[in-house]
Amino acid sequence: VARHVLRCTVNGEPVEALVQPYTTLLDALREDLGLTGPKEGCGTGDCGACSVHVDGKLVASCLMLAMQARDRKIRTIEGLGTAETLHPLQDAFVRHGVPQCGFCIPGVLMAAAALLEEHPRPTEEQIRYGIAGNLCRCTGYTKMVTAITEAAGILASKGSAR
Amino acid sequence: MSTMKTTRDVKGVGVAIPRPDGPEKVTGRVQYVADIQPKGLLHAKLLRSPHAHAKILSIDTSAAKALPGVRAVITAKDIPHLKKKAPTRAHAVLAIDRAVFVGQPVAAVAADELAIAEEALDLIKVEYQPLPVAVDPLKAMQPGAPPVADAGTEADTSEALAHSAVAIAKSDAPAKAVNISQQARLTRGEPAKGFAESDHVLEKTYRVPMVHQGYLEPHAVLAEWDRNGLLTLWASTQGSFNTRSEVSDVLGIPENRIRVIPVECGGGFGGKIRALCEPITAVLAQVTKRPVRYVMTRKEELEAGMPAPQVIIKLKTGVKRDGTLMALDAETVIDSGAFSGTVLAVSAVFLGSMYKWPAFDIRGYEVLTHKPSVAAYRAPVAPQTIFAIESHMEQIARDLGLDSVEFRMRHLIQPGDPMVNGQPWQSNGARQVLSRIAEHPHWKTRKQWVAAAGKNGKRRGVGLALGGWLGGLQPTGATVRLNPDGSLAVLTGQVDIAGTNIALAQIAASAFGVDTDEVRITTGDTDVAPVTGLSAGSKTVYTVGTAVLQAAEDARRQAFDIAAAELEASVHDLELVDGKITVRGMPDKGITLATIGKKGNLYMSKTPPVLGKANPAFSQQAPGFAAQLARIEVDPDTGEVTIHDFVIVQDVGKAINPIGVEGQMQGGAVQSLGMALTEGLMFDDSGRLTNPSLLDYRKLTAADLPNLETIIVEVPSPAGPFGARGVGEPPIIPAPAAIGNALHDAVGARLTELPLSPERIALAVANGGKA
Numbered sequence: 001v002a003r004h005v006l007r008c009t010v011n012g013e014p015v016e017a018l019v020q021p022y023t024t025l026l027d028a029l030r031e032d033l034g035l036t037g038p039k040e041g042c043g044t045g046d047c048g049a050c051s052v053h054v055d056g057k058l059v060a061s062c063l064m065l066a067m068q069a070r071d072r073k074i075r076t077i078e079g080l081g082t083a084e085t086l087h088p089l090q091d092a093f094v095r096h097g098v099p100q101c102g103f104c105i106p107g108v109l110m111a112a113a114a115l116l117e118e119h120p121r122p123t124e125e126q127i128r129y130g131i132a133g134n135l136c137r138c139t140g141y142t143k144m145v146t147a148i149t150e151a152a153g154i155l156a157s158k159g160s161a162r
Numbered sequence: 001m002s003t004m005k006t007t008r009d010v011k012g013v014g015v016a017i018p019r020p021d022g023p024e025k026v027t028g029r030v031q032y033v034a035d036i037q038p039k040g041l042l043h044a045k046l047l048r049s050p051h052a053h054a055k056i057l058s059i060d061t062s063a064a065k066a067l068p069g070v071r072a073v074i075t076a077k078d079i080p081h082l083k084k085k086a087p088t089r090a091h092a093v094l095a096i097d098r099a100v101f102v103g104q105p106v107a108a109v110a111a112d113e114l115a116i117a118e119e120a121l122d123l124i125k126v127e128y129q130p131l132p133v134a135v136d137p138l139k140a141m142q143p144g145a146p147p148v149a150d151a152g153t154e155a156d157t158s159e160a161l162a163h164s165a166v167a168i169a170k171s172d173a174p175a176k177a178v179n180i181s182q183q184a185r186l187t188r189g190e191p192a193k194g195f196a197e198s199d200h201v202l203e204k205t206y207r208v209p210m211v212h213q214g215y216l217e218p219h220a221v222l223a224e225w226d227r228n229g230l231l232t233l234w235a236s237t238q239g240s241f242n243t244r245s246e247v248s249d250v251l252g253i254p255e256n257r258i259r260v261i262p263v264e265c266g267g268g269f270g271g272k273i274r275a276l277c278e279p280i281t282a283v284l285a286q287v288t289k290r291p292v293r294y295v296m297t298r299k300e301e302l303e304a305g306m307p308a309p310q311v312i313i314k315l316k317t318g319v320k321r322d323g324t325l326m327a328l329d330a331e332t333v334i335d336s337g338a339f340s341g342t343v344l345a346v347s348a349v350f351l352g353s354m355y356k357w358p359a360f361d362i363r364g365y366e367v368l369t370h371k372p373s374v375a376a377y378r379a380p381v382a383p384q385t386i387f388a389i390e391s392h393m394e395q396i397a398r399d400l401g402l403d404s405v406e407f408r409m410r411h412l413i414q415p416g417d418p419m420v421n422g423q424p425w426q427s428n429g430a431r432q433v434l435s436r437i438a439e440h441p442h443w444k445t446r447k448q449w450v451a452a453a454g455k456n457g458k459r460r461g462v463g464l465a466l467g468g469w470l471g472g473l474q475p476t477g478a479t480v481r482l483n484p485d486g487s488l489a490v491l492t493g494q495v496d497i498a499g500t501n502i503a504l505a506q507i508a509a510s511a512f513g514v515d516t517d518e519v520r521i522t523t524g525d526t527d528v529a530p531v532t533g534l535s536a537g538s539k540t541v542y543t544v545g546t547a548v549l550q551a552a553e554d555a556r557r558q559a560f561d562i563a564a565a566e567l568e569a570s571v572h573d574l575e576l577v578d579g580k581i582t583v584r585g586m587p588d589k590g591i592t593l594a595t596i597g598k599k600g601n602l603y604m605s606k607t608p609p610v611l612g613k614a615n616p617a618f619s620q621q622a623p624g625f626a627a628q629l630a631r632i633e634v635d636p637d638t639g640e641v642t643i644h645d646f647v648i649v650q651d652v653g654k655a656i657n658p659i660g661v662e663g664q665m666q667g668g669a670v671q672s673l674g675m676a677l678t679e680g681l682m683f684d685d686s687g688r689l690t691n692p693s694l695l696d697y698r699k700l701t702a703a704d705l706p707n708l709e710t711i712i713v714e715v716p717s718p719a720g721p722f723g724a725r726g727v728g729e730p731p732i733i734p735a736p737a738a739i740g741n742a743l744h745d746a747v748g749a750r751l752t753e754l755p756l757s758p759e760r761i762a763l764a765v766a767n768g769g770k771a
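Residue numbers (our numbering), protein chains in the order written: chain A, 1 to 162; chain B, 1 to 771.
The shape of chain B in the complex, shown without the other chains:
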């Protein structure tokens, strides 16, 4: 009996299982959109504005149309449903009469070959009248700045809804300046009194530039219409149902006429949630009656993708000499680029309520500028916010001679404490991850390690930071079917990028009571899959995992009901052991899952097929916290930083698949180490990107990094499947602050602008530690 597997000890949740699509991926057989080559394929290219702001006086496409091999050349005039006042970037399919950022599509071409399409772009004549530009958000928000949006354009708050971050009250004050598209203000207590009674007031402005999500696969889509007027899109997307809705809205096609097939997604990180090139490709396919494929170049991605916003946070704090928090005043300016669509709430929550500030005044502004409009990037606005508050907390502790961990721990929120909006913090492991990292030998021995700096002239520093993510929510569905061979077929619409499908299979296995090897999970398209949310917001395992769990339990109940009838026993007396449902204590009296599966699949059978389903909606978030520690060496002459060690401690609630969890922790950390040290989209005064290549937009390579140590902490969430919390977002959050704090430890300079480039560091060192 001891070798038999009951529900409790199947190979399921908590086991490190490599994802099953590994062999396909390492042999190059997995197909991404650009790998699909249907017969009659046409290639699309977009003509993009060379100006950040210009009136389009005329467009002459006649020469391009006359080029042999060109099948269509279209401008905004050729698209009937285009809204004049585009509320989102997706709606701005082609510029109508004004271009509002460098790289905005103005005309589109479909041709037999890519080279022909490229040649056709050169033959399109556009007459522009350049207009004044607003590039710096602080200037763009002043009255009188050149306007970006047409008057009366609505703000886009769907990003905030998609991430279900947290609701905050919108400010009633009307926007005075033309380019402020969203604003909010939250206050508590009497900040002025708090500052007056403070012994230590610290004011700094933190700046993080626009950064690109950096997915290796550029945006790509393939569109084809069939003879019945149905549009099929093969898309590299983080959410096929969302892509369907957006394309439907932009082009005025009912959703039931659109099928989105989610193709393997070569990385998204938030940048492939919103529609971008799907609508224009669909239009080209409609006009030409041929399949049309569009793949962005890397230059187009960097110039005209949907990066993370530039964030500027002016932060002022007041504390007593003993470290008692008194008041906080903060102003967050989020540079949204040419279209609205950022999240204001995240910054307010973590500035004002990760630590217990008794009084605060927090203002947030979303500002439009003549730059590419932005989108989500893994924990939108959280790394930038944590860079501000965690740099600040460290500095306060140092100024007052307090232990920086004890200072944080003393003021850190507990579950139940109010967030800035008054809602209570849900159960979370913030304190546990901070305690755990403070116990790490690298932290305990930091003074000795710094003192042992070598004779190479490099200086050493150790820093840490804490950060969190509230966790996204979205209604979702799943089905679990019992196959005639006794295995399970799980169906969702979930796009698997990070390895969530194996985790979902493990959840189904544990919930039903079979090994994960007996579960196969399929990601269906929008025609066949139950409605499934975005792969975003650290919510796949938390929400889709719950749907799969419930569907598997439903399927198990159905199988047990069938077994009870077949065995003439009460379901309460049955157990599932090794793929066979038996009467407890009578192992010979049983029926295999395969038999039940077969009976549900037979001609003239009276046994119903087992089909478990669940379609939950959610209300309770499960915040995930991570703490990170960096040991760095700094060359004071060149400003070069070497990351010697990096430790990631994260509360994941329950590690459904430890391999996947570690991969998320390491990958997320490296993205924000890039944000900390090398990355930034740099625009000149005319709004033109000055570093539109991966040579000049420097992402970290293997040679820039050490092995990253991961420590998983499990503080179960009350509502998540098996106690799981979202895993994807927390690891990208603390690193820039941890590096900034380590840098301060090493050279005595508090740098407040990312990236912490060699120039900035060397200059700060040369200035005697002043940034």
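Only chain A is shown next, with the shape it has when bound in the complex:
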């Protein structure tokens, strides 16, 4: 099978990769571009661990072919914030001690970031539905909801959800 050239923007930088026609966006990110923040928890779009943004929309990257991302803008957890300058969502997750095993966390944060872009002041119900596509087995979600609520307040007071 002939490989295809994938050109797209990932976390603000233009990238190129040779991928198989059947390669998923998740595998291209993880295996070809070395971005292992997005995780594969199920491969069928049910757990949300692979969540990334494609042109600003939340996407389960295990359900999208890599070539479908041609010329589009991808944002992964690696592009949300850095350890030195955490995104307010990440900072709130750390302070509230949300991560336990941590495997679901990159996906949850991308879902939460997408939610806040759409609803800068979400209700508890909007938060709960906003991350309902992300399974977490460690936390029971309570601290997640608290952290997202708090981060939303901080971001809204700064006047930007980015």
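These are calculated hints, taken from the structure and not from any lab test. Computed from a predicted model, the values in this text were never measured in an experiment. Take the hints with a grain of salt, since some may be wrong.
As the list claims (entries may be wrong) - Simulated coverage check for chain A against chain B, where a stretch passes if three residues somewhere in it have a Cβ under 8 angstroms from a Cβ of chain B:
1. 9-21
2. 70-84
3. 102-108
4. 141-155
All residues carry an ideal CB built from backbone N, CA and C; glycine is no exception.
Place chain B on chain A using the hints.
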């Protein structure tokens, strides 16, 4: 002086400190096994049996081997040390001549790319002769049922040992039916007489299906051999030393030739204690002389992981009209799947001795079936057992018109009372957590809340339940080193999943007398770390915490001895304040920890380096109890349950780190709320799983739940560090019973089979409250 920190007021035990690996985890930089990509990596796939029971007549791998990019195709014949009668699941690396569950590995492939390995699986030709299957454990335990294990296979009791639950006498009676792999019977008093003298006899059968632990990271391992014949395994495991032992035993490699590096574990909950895919991956790496990585798919996890067993409990009780307990008769059947390895004792202890039954006859059976073999799942068999006994106790109280909390409290054990095996209950907070939840406004106002049900046609109910865990034990080691900068380096082999490392650092800080910021803790691999037990059984803080405490005290003593010599003072006159050991009352006469650390690190220095160590073993368990309360709304037409409020009260002895403790309480409760409402592995009559995806195996999401209220109770344990008890297991135990009791309160139906699905509830309502 008031700003100075003495040992008593350092930032240590009891302070809510976020775990230090948080930033790594929220930025996606933490590496799990599947994230590691060494040069020359090969990808493994396993061909799995499509039959629950079949004879393997032939396997032809020639076409698969000929596929370009395939580096190895192996079958059982290629593995020299394979035991014909596999005593555990781990030993059944590949099926030899018979497959005993759907999804059992039959052949293995390593290839340059995952897609090539997958293609190679399609090219392997296996000829099967399907055999009769035993799927239902109640049928499988009857004489004449199709046999699962080869005759003469020993029962595996290591799970019971690993959890150190409690010893119970094994029944002497020989197993009559082929598929009963373990059995035990415990009796006290004269149950027949007790039942004859009872006014109220209640008999029900409770059923809980197999459920999956549900960790988000599927099983994964990376194996590589070096030129000296040393095997290195990067594993997602709850216990690297245990993984080393099992791989050694299965493959016949001495333990000193194996190094297990515990990589960040993306959740285990008991499912990543026992070896599963490590041996086959090691074999593929040996054959190909390349690093080989194997990652299970979610479908493989659900079909062929090591879930929690199906548990069926037939429970009969006899009580007097005034609620006096007379007799209990119970039969617990644990469906272990295709291999032995469950725990019988937990069920017996909590059925027969959470409340003081004067007479009982309790039988337990572990039964083999043609299904995936099971393993531990957070408090193995406890939520299932508590679902039975706490549903039952609530029903007795309601039948007799007794207050359900007073009824429980009247019969609840106290420390010192005998357990079913005659051993005394250790100090515990069972009564305290039950009292505390009964004081909660949601319980006190339950009648008003139920009466205030809205006009939406939904019915309301409030329920509670109590449950406990005896607490695991395992010998363990730790070292505490003083660095040249005056900080502490703590080393254990403890795999940190839940946030135990920060708690251990806090223990070291308080024991030594420095702030937690001055402590860095490392989880070492099996080549470098002191022997450390499993991250399981709610015993990390209790046992490893004790080792760290003792090692930190040892290091402190050494530092004080050095300071005493340097300061020409008696150690009894010294104190540690703000990182400096001074003569009491003479703050200028002192030596900093950094100086002591530096002296131990200098060329030609005569000062020994400070290295505290401890390697304790344990005998005294510290039971942990939790009580949980649910306020629910039920749609009587659809059977849909909405959890309105959920309260968790738990005795943790001492909350070393309240953030971590709350996280454990909330996470554990949600796992068993899933067990209560939505989860269950469903097998058809041929032994095939009918819901092998996370769409059909429904775990609870954020949208299914309210915020969970946590109330920490602290009844200090006599032997735990700073009075701590195990925290992980108790919160998963009471929820199914609490939900079942709330459901009964709402619709008047006593449902005895989990999950309490909308279909079952709607049907019970339609039948006028009869399940």
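Hint by hint, here is what the structure shows:
{"no.": "1", "hint": "9-21", "verdict": "violated (count 1)"}
{"no.": "2", "hint": "70-84", "verdict": "holds (count 7)"}
{"no.": "3", "hint": "102-108", "verdict": "holds (count 5)"}
{"no.": "4", "hint": "141-155", "verdict": "holds (count 6)"}
In terms of the numbered hints stated before, the structure departs from hint 1 and from no other.
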